[in-house]
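Peer 1: Single-letter residue listing:
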Amino acid sequence: MLKYLKSITFAFTFCAVTGPVLAEKLGLGRVALPAEVAAWDWDINALGEGLPSGSGDALVGEEIFAEKCAACHGDFAEGIDNWPKLAGGADTLDYEDPLKTVGSYWPHLTTAYDYIKRSMPYGNAGSLTDDEVYAIVAYILYSNDLIDDDFVLSDENFMEFEMPNAAGFVVDDRAEAEYRIWSGAPCMKNCKDSVEITMRALVLDVTPDLEAPAEAVTPVAAVTPEPEPEAESAAIDLELAAAGKKLFKKCKSCHQVGESAKNKSGPVLNGVVNHAAGSVDGFRYSKAMKAVAEGGLIWTEDELALFLNKPKAYLKGTKMSFAGLRKAADQFAVIEYLKTFTK
Amino acid sequence: MSENDTSKPSRRAFLSGAATVGAGAIASSVAQAQTADPLITQPQEWAQGFGDGVDAAPYGLPSQYEGDVIRRNVEWLTADQISSINFTPIHALDGTITPQGCAFERHHSGAIDLSKSDYRLMINGLVDTPLVFTYEDLKRFPRENHVYFCECAANTGMEWAGAQLNGAQFTHGMIHNMEYTGVPLRLLLEEAGYDVAGKWVFVEGADASSNGRSIPMDKALDDVLVAFKANGEALRKEHGYPVRLVVPGWEGNMWVKWIRRIEVTNFPVESREETSKYTDTLENGVSRKWTWVMDAKSVVTSPSPQTPIKHGKGPLVITGLAWSGNGAIKRVDVSKDGGKTWEAARLAKPGEKMALTRFYLDTDWDGSEMLLQSRAMDETGYVQPTKTQLREVRGLNSIYHNNCIQTWWVRSNGEAENVEVS
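Top to bottom, those sequences are chains A and B. Quick note: the first sequence, position 111, residue 1299 per my numbering, numbers continuous. Quick note: the second sequence, position 411, residue 632 per my numbering, numbers continuous.
Where hints are given, some of them may not hold.
Claimed, not checked - No more than 20 Å apart at the CA atoms, straight line, and that leaves these computed lysine-lysine pairs for PhoX-like:
id	chain 1	residue 1	chain 2	residue 2
1	B	Lys561	A	Lys1377
2	A	Lys1440	A	Lys1507
3	A	Lys1440	A	Lys1452
4	A	Lys1433	A	Lys1531
5	A	Lys1450	A	Lys1433
6	A	Lys1498	A	Lys1478
7	A	Lys1377	B	Lys557
8	A	Lys1478	A	Lys1507
9	A	Lys1380	B	Lys360
10	B	Lys360	A	Lys1213
11	A	Lys1475	A	Lys1507
12	B	Lys557	A	Lys1380
To be verified - Quick look at which bits of chain B chain A covers, simulated, 3 or more residues with Cβ under 8 Å:
id	segment
13	381-389
14	482-496
If you are wondering where the hints come from, they were derived from the structure by calculation, not from laboratory data. Note that the Cβ used here is the ideal one computed from N, Cα and C, for glycine as well.
With the sequences and hints as input, model every part of the structure.
Peer 2: Written as structure tokens, this is what we have:
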């Protein structure tokens, strides 16, 4: 009973510090001029209200992206280091470690326009023209394999574009899904039969050193692959190779294949499958790649698939800035395509 | 009712607790010194000469002996320090008010310099008259004082898949609790003559990220503050000087700093910060959106990995923090055996709505290992869940809103480690 009285007193106290409700205006501030509202009111909502007129395509977007975005987001919108990945991850949302990108996760394309126009590029926010923003959004869609490179995105067709994960959201349902089952008198005695420690933070060891100045710690352990030389020369699956050819456009800016192929920012890939790693003449490999090459790594199909899955996790220190192909089917399609190019 | 009863330490409660551990603790005599303590027997410099005069530090800093009580970050979490977060040293603080100087920071484009004289706040959209306020205008509105916690939705987010970071600062330090002075947003909306048909307000900051968020009008009219003071003094730059939004009980990302524009709208914007981020992906790949409220949560701040027990067995103060975005904390229980048995902790003061509550368990430690846990219950009857319970509903990929019961494994040497238990 005493408790009850206390809480009532508390409620009164709470009310007493709240100010009086003012029915009348105080006449403070001044009227915002239309030019002032226009200068700040840029937001674009999910209905497309606020979209400026303009247009752009992925070919134009690629150039702007390379200049203004790629330093963080990568040439292919794959994201460098911890910077946001904007492409890839389709159908991974129910995976153990989903890749959430504009293509795989964002429910509204308006969000991309709104955010890029107001808050990007990082360090020079709000500096893009409306057409540039359309072109960049188009390039991000193209990087996600959602449009062809010549598709012209504009305020006319913008709202017709449905994002792959548009239906992937529900409004907060914790009250129904959780609050009901986690309410009521809590258990005080004999709440469990046994208690075992199932995981320890010190085993993972990713906590910053509190004595010394903080240093960068990488939670993902670098995996040094074991060489596994098992040459196999199965017949080429042409259908799979054709799928791989399409996917290989992600690789093309850095890697060439075919008769007149030259090393670019990545080595020529002719004959790479079942060949020794780090062995293309004239290409300057990373220290990490040289080390595993000396260890005798052979690019078997399985090893290549592991590498393509997440290059930087597979080989810490590799120069390949590509985020990876998360689907095994895609990895093997690209490998199958590569098998069609011999030395 | 099994609510926490006392707001004062109880010697009787302590003694009865000790009695269950063993009579030895009561019977043991006070320690004896072999030699006299020179700090007492020798004259000390500080007891003879002068200390600093006034004005030695026109604005004081913490004692030089408290140099390790600082915000810390976890560098591998983010790509750079401009768009990043650090953590409040909750393991080393007591009481409930977080000093501004060590309250966690979260920026999306860095902490900007914005003077009061350059500050403008615009209210536009579905209003009779779009208005611009200066800082001085805001100070002429009736203002209020409230203590509220601000917790990042990602607090404890690194722990979904398992025990990862070894310290309460890192597992639970994306939180602070301050007394705010500010103007109810409702008054500013009334001044502009908001259209009652407007169901949302869109709020954005003056920094390059702008960090735009949509807030339902009901909340905006209820308890949202446009705040310019915290703990009695001006906001710090890193917390949005000169003016920030305070959205009680709701995720920190909505507490827009350097707030410059409030737009009354019919629809949510569905901005980046409310779609691609701050949405909670469930195991089946479907994601919850508009998960604004921070549910009831607690953590033992000491002993914990950064504050081990150094005094050996005997009297031990176990303490921690509890809070709920759905109202006031009503009780906190503590377990020493990983959740098999629980005892009610003492609340330092009755819980206040959407504010941190300090709890204590004054106990007698027999030197044996403990699996320390705390469990909060708020005025709605909601009981803080275990990590297993959370995972059963949400899986491992939610990132945000992890309010699980935390376990510290305290060894007999007093050291503590972040662990997960069955």
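Peer 1: Run every hint past the structure and note whether it holds.
Peer 2: Here is what the structure says about each hint:
| no. | hint | verdict |
| --- | --- | --- |
| 1 | B:Lys561 with A:Lys1377 | 6 Å, holds |
| 2 | A:Lys1440 with A:Lys1507 | 15 Å, holds |
| 3 | A:Lys1440 with A:Lys1452 | 10 Å, holds |
| 4 | A:Lys1433 with A:Lys1531 | 18 Å, holds |
| 5 | A:Lys1450 with A:Lys1433 | 18 Å, holds |
| 6 | A:Lys1498 with A:Lys1478 | 18 Å, holds |
| 7 | A:Lys1377 with B:Lys557 | 12 Å, holds |
| 8 | A:Lys1478 with A:Lys1507 | 11 Å, holds |
| 9 | A:Lys1380 with B:Lys360 | 55 Å, violated |
| 10 | B:Lys360 with A:Lys1213 | 15 Å, holds |
| 11 | A:Lys1475 with A:Lys1507 | 9 Å, holds |
| 12 | B:Lys557 with A:Lys1380 | 13 Å, holds |
| 13 | 381-389 | holds (count 6) |
| 14 | 482-496 | holds (count 10) |
The structure fails hint 9 only (numbered hints given earlier).
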